[in-house]
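Chains as they are written, first to last, in my numbering: chain A, 206 to 308; chain B, 193 to 292.
It should be emphasised that the hints constitute simulated quantities derived from the structure, not laboratory data. Incorrect hints may appear among the rest.
[As the list claims (entries may be wrong)] With a straight-line cut-off of 30 Å between C-alpha atoms, the simulated DSS-like cross-links for lysine-lysine are: (1) A/267 to A/297; (2) A/287 to A/267; (3) B/209 to B/228; (4) A/286 to B/254; (5) B/228 to A/267; (6) B/290 to B/254; (7) B/254 to A/287; (8) B/254 to B/228.
Quick caveat: nothing in here was measured; it's all calculated off a predicted structure.
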Amino acid sequence: MARGHHDVGGLPGAGPIDQSQHELADWEILADAVNQALGARGVKRTDELRRLREEMDAAAYKNSSYYERWIASIEGILIEKKILTRAEIDRKVAEFEKKWGEP
Amino acid sequence: MTFAPATGRFRPGDRVKVRFEDRPGHIRTPWYVRGKTGFVERVYGDFLNPESLGHGGDGLPKRTLYLIAFAQSDLWEGYRQNTPDKLLVDIYDHWLEKAA
Chain A
206 MARGHHDVGG LPGAGPIDQS QHELADWEIL ADAVNQALGA RGVKRTDELR
256 RLREEMDAAA YKNSSYYERW IASIEGILIE KKILTRAEID RKVAEFEKKW
306 GEP
Chain B
193 MTFAPATGRF RPGDRVKVRF EDRPGHIRTP WYVRGKTGFV ERVYGDFLNP
243 ESLGHGGDGL PKRTLYLIAF AQSDLWEGYR QNTPDKLLVD IYDHWLEKAA
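Next comes chain A alone, as it looks inside the complex (with noise of 0.2 Å):
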């Protein structure tokens, strides 16, 4: 074992803080709602989607916005739960992809 590649507090390199403000794309909100959604419904606590987030693949975690890996997590935990498949979750994105276009 060693630190999970989320708890990166202490280690050099990382550079300063970014703290300028961003405007929260429409995407990210929905990832937020659905986020809510989950939680009120009782289909996920909060640690759970850590715990998914750390177990992700470090190169993924890494290249991932904050967002990107709430999504991530978000698929995780709905397979996990039996709630959707992989493959529905994959099928869906495609629709999508051939309505808006690639992302």
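Dock chain B against chain A, hints included.
Chain B only, in chain A's frame:
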């Protein structure tokens, strides 16, 4: 808001050492304080255990959560000495032992 009295072993001012554990699972104790010694700054109360909740468990038994204060110079190599600078971290009872 009032909470039930905490059931944990420590009181404000107690000197405590964070266990050094390296194990898989959802853990809220940051790597950089494991094995370090600090003081109990505040006792928050008893809370469901996130190490259980994170893996679909019921979070029981509840664990006492503390605010632990570390001297910055105890955490970081080369940090200037003789400063009052503190770093505060929330740590659960089962991660702590009484320090000598």
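Against the structure, the hints:
1. A/267 to A/297: The hint holds at about 25 Å.
2. A/287 to A/267: 27 Å, holds
3. B/209 to B/228: 6 Å, holds
4. A/286 to B/254: Within the cut-off at roughly 24 Å; holds.
5. B/228 to A/267: 28 Å, holds
6. B/290 to B/254: 20 Å, holds
7. B/254 to A/287: 28 Å, holds
8. B/254 to B/228: 24 Å, holds
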